[in-house]
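There are 2 protein chains.
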Amino acid sequence: MASDYSVAVIGASGTTGNEIIRILKERAFPIRSLKPLESEISIGRSVEYANDDMPVQVLDKDSFKGIDICFFAADSPTSSVYAPIAVEQGCVVIDSTPFYRMYKDVPLVVPEVNADKIKGHRGIIASPGSMAIQLVVPLYPIHRLFSLKRIVVSTYQAVSETGPGAMDELTDQIRALFCFNEPAVKVYPYQIAFNALPHTDTFLDNAYTAEEMSITDETKKILDDDSITICATTVRIPVFYSHAESVNFETDKKITPQDVREVLGNAPGVKIEDDPSKNIYPLPIYASGKDECFVGRIRQDISSDNGIAMWIVADNIRKGAALNAVQIAENLISISEK
Amino acid sequence: MASDYSVAVIGASGTTGNEIIRILKERAFPIRSLKPLESEISIGRSVEYANDDMPVQVLDKDSFKGIDICFFAADSPTSSVYAPIAVEQGCVVIDSTPFYRMYKDVPLVVPEVNADKIKGHRGIIASPGSMAIQLVVPLYPIHRLFSLKRIVVSTYQAVSETGPGAMDELTDQIRALFCFNEPAVKVYPYQIAFNALPHTDTFLDNAYTAEEMSITDETKKILDDDSITICATTVRIPVFYSHAESVNFETDKKITPQDVREVLGNAPGVKIEDDPSKNIYPLPIYASGKDECFVGRIRQDISSDNGIAMWIVADNIRKGAALNAVQIAENLISISEK
Numbered sequence: 066m067a068s069d070y071s072v073a074v075i076g077a078s079g080t081t082g083n084e085i086i087r088i089l090k091e092r093a094f095p096i097r098s099l100k101p102l103e104s105e106i107s108i109g110r111s112v113e114y115a116n117d118d119m120p121v122q123v124l125d126k127d128s129f130k131g132i133d134i135c136f137f138a139a140d141s142p143t144s145s146v147y148a149p150i151a152v153e154q155g156c157v158v159i160d161s162t163p164f165y166r167m168y169k170d171v172p173l174v175v176p177e178v179n180a181d182k183i184k185g186h187r188g189i190i191a192s193p194g195s196m197a198i199q200l201v202v203p204l205y206p207i208h209r210l211f212s213l214k215r216i217v218v219s220t221y222q223a224v225s226e227t228g229p230g231a232m233d234e235l236t237d238q239i240r241a242l243f244c245f246n247e248p249a250v251k252v253y254p255y256q257i258a259f260n261a262l263p264h265t266d267t268f269l270d271n272a273y274t275a276e277e278m279s280i281t282d283e284t285k286k287i288l289d290d291d292s293i294t295i296c297a298t299t300v301r302i303p304v305f306y307s308h309a310e311s312v313n314f315e316t317d318k319k320i321t322p323q324d325v326r327e328v329l330g331n332a333p334g335v336k337i338e339d340d341p342s343k344n345i346y347p348l349p350i351y352a353s354g355k356d357e358c359f360v361g362r363i364r365q366d367i368s369s370d371n372g373i374a375m376w377i378v379a380d381n382i383r384k385g386a387a388l389n390a391v392q393i394a395e396n397l398i399s400i401s402e403k
Numbered sequence: 066m067a068s069d070y071s072v073a074v075i076g077a078s079g080t081t082g083n084e085i086i087r088i089l090k091e092r093a094f095p096i097r098s099l100k101p102l103e104s105e106i107s108i109g110r111s112v113e114y115a116n117d118d119m120p121v122q123v124l125d126k127d128s129f130k131g132i133d134i135c136f137f138a139a140d141s142p143t144s145s146v147y148a149p150i151a152v153e154q155g156c157v158v159i160d161s162t163p164f165y166r167m168y169k170d171v172p173l174v175v176p177e178v179n180a181d182k183i184k185g186h187r188g189i190i191a192s193p194g195s196m197a198i199q200l201v202v203p204l205y206p207i208h209r210l211f212s213l214k215r216i217v218v219s220t221y222q223a224v225s226e227t228g229p230g231a232m233d234e235l236t237d238q239i240r241a242l243f244c245f246n247e248p249a250v251k252v253y254p255y256q257i258a259f260n261a262l263p264h265t266d267t268f269l270d271n272a273y274t275a276e277e278m279s280i281t282d283e284t285k286k287i288l289d290d291d292s293i294t295i296c297a298t299t300v301r302i303p304v305f306y307s308h309a310e311s312v313n314f315e316t317d318k319k320i321t322p323q324d325v326r327e328v329l330g331n332a333p334g335v336k337i338e339d340d341p342s343k344n345i346y347p348l349p350i351y352a353s354g355k356d357e358c359f360v361g362r363i364r365q366d367i368s369s370d371n372g373i374a375m376w377i378v379a380d381n382i383r384k385g386a387a388l389n390a391v392q393i394a395e396n397l398i399s400i401s402e403k
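Residue numbers (our numbering), protein chains in the order written: chain A, 66 to 403; chain B, 66 to 403.
Please keep in mind that the hints were generated in silico from the structure rather than gathered at the bench. Each hint can be trusted.
Cβ pair distances, simulated, as ranges:
no., chain 1, residue 1, chain 2, residue 2, range
1, A, Lys184, B, Ser212, 46 to 54 Å
2, B, Pro229, A, Lys184, 57 to 65 Å
3, B, Ser212, A, Leu210, 30 to 38 Å
4, A, Glu327, B, Gln122, 56 to 64 Å
5, B, Ser399, A, Lys343, 45 to 53 Å
6, B, Asp270, A, Lys319, 16 to 24 Å
7, B, Gly354, A, Arg187, 53 to 61 Å
8, B, Val146, A, Lys319, 44 to 52 Å
To list a few chain A residues with every Cβ distance to chain B over 12 Å, as calculated:
no., residue
9, Asp125
10, Asp140
11, Pro142
12, Lys336
Since the model is a prediction, treat every value here as computed from it, not as a measurement. Just so it is clear, CB atoms sit at the ideal spot from N, CA and C, and this is done for glycine as well.
In isolation and in its complexed conformation, chain A is listed as follows (with noise of 0.2 Å):
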């Protein structure tokens, strides 16, 4: 590859999509052109890049000449029928949307914990999803010294990962309660305003939904250990962005939360917030904007003979989607460069 790059991103006006392209400008990706892709639904719409509108075009088999790396962000359809267009027109994709996920020979990277995997693609490189990248950006250090044997998560997602639509329809809900009017409901199957949705994906067969069922499949994948057994509830609460996850996990190897504090103050991509008596710890509004996934209430689990209870905060479109993506890209560059 060169020395800077031609870079295309499809779904480029979505929510990832838009923070994609701000965060290669903001983390000065070495671009020689951009390429804000759409289907054609969005075609008028624009995208800002390095000050300048940049009218998004419309994505058709031709889009990939001359690109190097595509961002796949728009939908698991799109993927699939354009992702491997644009691989055969030698571009190398990056994709943000489940489709090739648990693909056999697709890397499912997060750079933090297996970014070597990267140099063995075939065209194709997989950015999770955002509650499995903010369990394993700070459960693989752990992983890595005390060998993870259980994992139990509980999600408060915010509803920005879900679109604009979500976020517009939380805010009309609550322009029309307090106006005591009937708050349309449309994007969600129930209210999300004032409520807590213990649904966030299609149902499957046993019961779990496909984001439950993705977090462990993603995660055994990612921590390349089939042998860690993984349960997650997923529950999309009235928080515009943000997500937060509630962890209980055990280890083979017996561990304190001085173990937990020390692996994590050194580890890639985490920050601890974790001071009670000071009432420190991670928040959505706070962790909003940021990179970093946040940790706090670190305590022993009491209910297990060696367990760990924790709290982690992410953003769920910048580490969660887009900064995953971006730094898939660096690394992508940085090796092909060596």
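Place chain B on chain A using the hints.
For chain B alone, coordinates are given in the frame of chain A:
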């Protein structure tokens, strides 16, 4: 005791006290006279009972003459000072504050579970915290048949538990944010609007909150089994009414989701809402104002050899506080009348 009763309610104008008075009327509790009491700060307020506005009277050591049953629904200091005085004057005290819950000679009662403990009272009967109540109502019938070993619970708690000031704070913060103003933070340590606070009570030396340890301790006391291990993470979310719990539990005997459905189908105080294919699961907005503990998302815990994951929602002011206290009183008089 007589077949109708002189009843006093301490903290009558507070959220729980007010609801106790409403539920006494609603369930036609045999009342001869009702005396709403408050510490001085609330004087001038009144409460509604049987379409009458009753002025709240000042609580003092002479308040209990002629009273049969006294509901304490103010705070721990008030219960600690006045409950013994009430008992001395012949009242039976039903205490909804945390103060007496872990006293060895005070029964801690959830009528669906351990109504039999009422008859051993020595003047004071304690009603548990809301999170323990909605945990034990569905878990007790499971424990009886399958023997619980371990419970992991993460909570999604409504602001109404903290009182009217917290409900105003959530409303006011949203209004401020919608007008691009800085939201005022008074009741909680941080903004609760569009946030999730992993901090619902004082922090203890072991890094758990007092409420997290109460869930552990009260659950063991109510289930009368010290061998069960319990780890709780309590989280406040921007919901007005009804608490939710994401629960993972393990049992001694082999258990399946079908077993749970069969046991809970006939369990007192429980209603199963569990049909993912039709988007049926418990929700805070629909549990509000209802008496049952709603259980859904029942599924095998795929991280454990023998466990279940489920989702429990109940109205924190009704079953979580006022209703449970009134049910204790109903059981008390039915025992007395035998």
